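Trainee: Listed here are the chains, written in short residue letters.
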Amino acid sequence: MSDAPSRRDFLVYSGAAIAGVTLGETGRRWLGRMDERAAGWRDRGIETFAVSVCRECLAGCGIRVRLVDGVPVKIDGNPLCPIARGRLCAKGQAALESYFDPDRLLGPAHRIARGGPARWEPLPWKDAVALAADKITRAAGTPDGIVVVAADERGPEAEAWTRVWRAAGARLAWTPQPTAVRLRPRLRHLTGAEADPIFDIEHSSYVLSFGAPLADDWLSGVWAQRSFGRFRRGVASSRGRLVQIDGRRSATARKADEWLAVAPDQQSALAYGIASVLFRENRVDRERLASVAGNLGNFEHQLLTYYTPDNVASETGVPVVTILRMARELVATPRPLVIVEAGASVALVDAVLSLNVLIGAIDRRGGLFGRGDDPLPERDDAAAVLRDVAEGRLRPSVLVFADSSALRALGGPNRPETLAERVPFVISFSPYVDEAAAIADVILPADVPLERWHAMVPAAALGAEVIPVAAPAVKRRLDTRDTGSLLHALAVAIGGPVEAACSWTSSEDLVRAEVKRLATAKRGTPFVTTYETEWMQQLESGGWWAQAADSDAAFSDRVLASGGWVDPYFDAGQLTEALRGGRSLSFPLPEALPSAQIAGRATGADAAAEPPDTRFPIALVAFQPAVAATSGNANLPALFELLGQPDGVPWSLWVEIGSELAERLGVQARTRVRLTSAHASLDVMAVRVEGMPAGVAALSIVPGAQTAGRWSRLIGKDPRRLWGNDPAARACAVQIARI
Amino acid sequence: MSRWGLVIDLDRCTGCQACVVACKHENNLPFSTPETADVGRLMTWIQLVAADLPGRPMPSSLPLMCQQCDRPPCTDVCPTSATYLNPEGIVAQIYPRCIGCRYCTNACPYAVKIFNWTEPEWPESMAGMRNPDVSARPKGVVEKCTFCHHRLIAARERARVAGRELAPEDYVPACVQICPAEAMTFGDLSDPHSDVAALASGPRAFRWMEELGTQPKVVYLREGE
Amino acid sequence: MSDSTGSPDSIDPHEPVINAILTVGPLFKRWAMALVAVVVWAIIAWTWQLYHGLGATHLGRPIYWGLYITNFVFFIGVSHAGTLISAILRIVQAEWRRPITRMAEVITVLVLFFGVGNVLLDLGRPDRALNVVLHPHLRSPLLWDVGSISVYLTASSVYLFIPLIPDIARMRDVTTGWRHRLYARLALGWTGTPKQWHRLERAIGVMAILVIPIAVSVHTVVSWVFAMTIQPMWHSTIFGPYFVVGAIFSGIAAIITAMVIVRKVYGLERYLTEEHFNNLGLLLLVMACLWFYFTFAEYLTTWYGHEPRELAVFNSKISGPFAKFFWTMFACCFVVPFTILANPHTRTIKGTLVASIFVNIGMWLERFTIVVPSLSNPRAPVQTFGYWPSWVEWSLMAGCFAAFALLYMGFTKLFPIISLWELEPMPEAHAPAAARTFQPAEASS
Amino acid sequence: MRRYVFPVIVAVLVAVGWVLVLPPAPMAQPIAFNHAKHASAACVLCHQGATTGVRAGIPQADTCTRCHATAPGGKISEAAWTGIASGRRIAWQRLTRLPDHVAFSHRRHTGPGQLACASCHGDVAQRTAPPDRAPVRLVMTTCLSCHTREGASEDCAGCHR
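Chains as they are written, first to last, in my numbering: chain Y, 404 to 1142; chain R, 35 to 259; chain G, 15 to 459; chain D, 146 to 306.
Extracted from the complex, chain Y is given alone in its bound form (with noise of 0.2 angstroms):
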């Protein structure tokens, strides 16, 4: 540098700082835009309680959603509800991310070329509906016409669905949920009460549970998991002691305080194994037995002829003493009770059903009660029908999908694809890009729970009668219509019978109607308050009323705005008095021991026994972790992230093998292996559990993997292509080896 500041420098160091400042000044301005963007969406301030149904399964819990300006941020139980009681488990709350889910359908679609990848097409709600509703009229001649597939609800909604469709003449298949709703028909031949069987473990001092899935998502989850910890922890009463039967580490058998691993298909062996302890050694009340069930000598004889301990130790491997002190147990405390997996198979069911009735448990505080209702119509089972279309057993020209349910049971088609290129028209109703959607030709998206209009009736796990009922918790985000007017519009465009037998225009009609069906009922109330000490209260001032209100419409008002109405009567001795009044108990006669055969949760008719092929000597049995056995959205990135926990394998499929398999295969935490079967194989992330017998695996499958979204894409590929075109319902035959 020289040593004066020349012209020159002074010129260009003024230009430097115009420079500098232009830029510090762009600078400060594009900083303060940052600063307003970053802050904008916390900019609310409203905050609003809306209530709103659960339907992530069929338990109906209440729930409350917290609104900032109308933007729901969280969604909680609602505290009025009786099932919810202010709790919620993870699905109820993950549905929050249904309801922004990025992937969510903006409207109607249609396909444009069937076959290949899947592309689509937007189309206004008219011309979606009328495409629709021309493909069902002409279908309505064709051989197998139309089948329809919803999920097993019941309530308004499920009555305007079952009106449609059987003036359309469709066929309709039903995805029967884990619900009582398959324990009830076993009950029935038991007791011949038409009931629900409820069973009381809040207070009993012991269960035996045969795979139930009591801590993970029994019957009514909230209910399950309210239930587990008051039976184990309940106030001022002793804890309550749990024995899981099981094939696998569930959650539930990890929490219990003995864990009996036996594969499924051996379970009712075991069962009846304790119940010829009993007899044996003079357990059970005879004279009173005799007294209700006609053909207790006979069951007992042919107890005692085929499931000696001896016999049930070979058949299942449980050792005699094991059996023995079972049976002891069992009786040894003042309220016992005996659970069952509400899908498992007719042979179990009866077994623990009779169980219970052995030890006393029917209409007795801490044990099995039944809640009367109405026969429920018989209902073919989706999973079956739909196999039998993929299979080409059924060939209709239209297929509906209410939802996706059906494709997720493990009972279900491995490959929904196939769905699409035996039948011609594919129609889905899901508010997603589901298994269902993914396969349909036209897509009329109905409304996400949160945006709906409620009345349902629950799956019974609870005494009292609840039909939760709702408004919508928020405004319609995308462009998409409530189930009523969908059916509505299909109905006027099809014209003729069906638009006859549509006496509504929306779910709202449907739901005032049935809100406007309970005031005038003169039962029951809407929830209120506190709603433990009412009921308590009220039951003890000698029995229940209805609430008073001024008028119908009054009680309808507070039945909206407390998210649903009760009748809490309950009668506790239904099963008792029908077995005074009507036919006398039967007990089933159990079927001589079957043979050995492989694992798995085998029903019935299914287990066909096979001899273990050399290359593929491991049974694998398919489970749906309980945080993702969803029947609606499929993509939700929290539940995904509780997947394989507490094992720590977040966003995997796992299996689970036993340590002495582990030890072959030399998994240590967080190993991958590879499954092999006859049809595919899979990567899957390893878990290794003490206890699991050899020679059996228990694999997690997760629903929509494939389809449904960002999310749920990562989780890989669909597991159930293992079974090739076998339900993944029973056991599969794969070998494992570390990648």
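Just so you know, the hints here were simulated from the structure itself, not pulled from any lab data. Everything numeric in this text was worked out from a predicted model, so none of it was measured. Ideal Cβ placement from N, Cα and C applies to all residues, glycine included. Careful, some of the hints might be misleading.
So these bits of chain D aren't anywhere near chain R, every CB distance computed over 12 angstroms [unchecked claim]: (1) Y149; (2) M172; (3) H183; (4) A186; (5) V199; (6) T215; (7) G218; (8) R233; (9) P257; (10) A263; (11) M285.
If you only want the chain G side, here are some residues facing chain Y, beta carbon under 10 angstroms, derived [unchecked claim]: (12) L148; (13) Y318; (14) Q397; (15) T398; (16) G400; (17) P403.
Just so you have them, the derived chain R footprint on chain D, three or more residues with Cβ under 8 angstroms [unchecked claim]: (18) 152 to 165; (19) 224 to 231.
Model the placement of chains R, G and D on the given structure of chain Y, informed by the hints.
Mentor: Using the frame of chain Y, we list chains R, G and D on its own:
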């Protein structure tokens, strides 16, 4: 001065993870992906871990969150006092002060302090689901369970505006509120009449890894008889 | 460069050294270009990391610290090369140290920047690094670290600079242009008066004593960053001395490596003789034994104590996923250097170089096997994973080493890498007697 | 080369200094609102929520039309008034903004805290023209000094979230 404490009854807990989702939504925790989860970048303030506890046949599932120690190993090591024990016993993390050195995460024997490896992101359509009462932490800072401290602030304000004392039911963290098995009890440990104080001094109560001298205010109740 | 024609008759007896400064050969340029390329790449990687956050690394819970902290400890360790060694040797009047002191001191000063730099790289919010000073929390060992490292950096910089003054003055007198201006400013008016000599000797003497406790404290405090936590196999009382020993060990190895390179490149065979390497080799041998002793003590007590959490970490190092690092470390830090250095026939220049390179690799691995395995086996049963650094981390590490080499090269082009004044006879009255006993060896003798 | 290095450094330093030293950029408001003229009314009449909610609201068109049936005389343009009368959104620029990590409740400070609006918002009420930046620059020490004086909580977590 209150000393907030939480009691988790492991006998009641079913491991359903409802608390995990409640916490996630309440506290604006961003979602992970399989890749990020695989390298320990799951953003959870409470999570289920398999802990070997004495007297249990297999590892118990234990809901693990910040144990809100009375002698927190994490606060001592923080070079900037970004994490400290507040007067009510909550171990707080002051995000704008944190330099992201992750010394506290390493000092914590429970591994419950979580680091923001990346800027938290929500898809555009999900922007609205965040709780405006809680900030979205920027990348590069450590965060942790605060016992839903924002709920305490709001509850205290409501009580003061209404001119009354804070009642026990006014302030409950999201996890406790949601727990379907009623396994969690929250309250003031310094109030001898509170449920938590009674449970925390009961025969089944234990503090996890208390042999390290951390003096946690999350108290577990032992499973089994 | 072996064709150096320096002879006793030439104008300056230290012409090779002066030449090394003033000429820039093609080899230098080529290396400089390559290193600049690596540094530029590292800057790109760093920008990437700043933009994406520490998500650009492969760290995660519970392995919150990885390569950067390993490098931090390693670099701080290497920094003990210089000051400590030159200071100790100065105090014990080991006169053979004279030609190597400066080389060592430069390593110290430069490498400290990279030690600190790695901490900054590791921060989630480097923009808030000043919070440590603005809102200090005195109970944090990390803050003690900040304190001791800054003191050490200052002290070692001063300790590098003071003995440099006479040489700078000498350079001032032989150069022109910008170099002359630069040297003139840095020489602080040195003219070599007896008073100045006296003050210089005093200052050096004081600094030499001061710098030793500071240096010991630095690595002790670095070790306390780990030892003050209650994490298994970090919470150890011997970590302080263990780290200091390791630091000196890796420091000596670093000096030897630098010496061999400088000697070869600048043809300084006259100055750095077999004896230097033999002496340093012996020092390295002693340190290897000390290191072995400390390592053995540390691992034996852990193993014998049988505490499950400690044992989990121990096993993961001895036979688990970190065994390959651990045993490589053991081979590099003890087996190889001991075998080479214990034998006088292999304690040659080449031998000590090989040993030193192994020691440096081994000591880096030692830091790695201290940082990562403990974090990989946390007390709480949270999900862990196998940590392997990402491309960003490797790039930044390469960048640090390249930048260090570059700066070291740059130093040799600015200042005499060998302390010239200490090698020549001083005015009789002012020179310490011992100074005269060590003169550069005759060329081609 | 060196000829350009120093000027560029100067430019960058000036730019950085500009951003760091100067207050946030002034912002133009869409309507020349005169606070002083309206000062006879309580602040909360327009800034609703200032005593009852977490946030003090910023008034929108319907707030104006509650009192003004016709265009008020003075500075407001015909076009602007038509916009207001038709209920169009007024694009007010927010001037006092809290960082994301700060929890602040108006209700708490105006209610139990008994703070006057002016303590944080300065002389806004006396302004005849809309302020183009926050009249008082609020930083953490502003909050803390008052908290110390009044004996309010100084717990970091009380305001930081």
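Trainee: Going through the numbered hints above, which ones does this structure break? Give me the numbers in ascending order.
Mentor: Numbers 5, 9, 11, 12, 13, 17, 18 and 19, in rising order.
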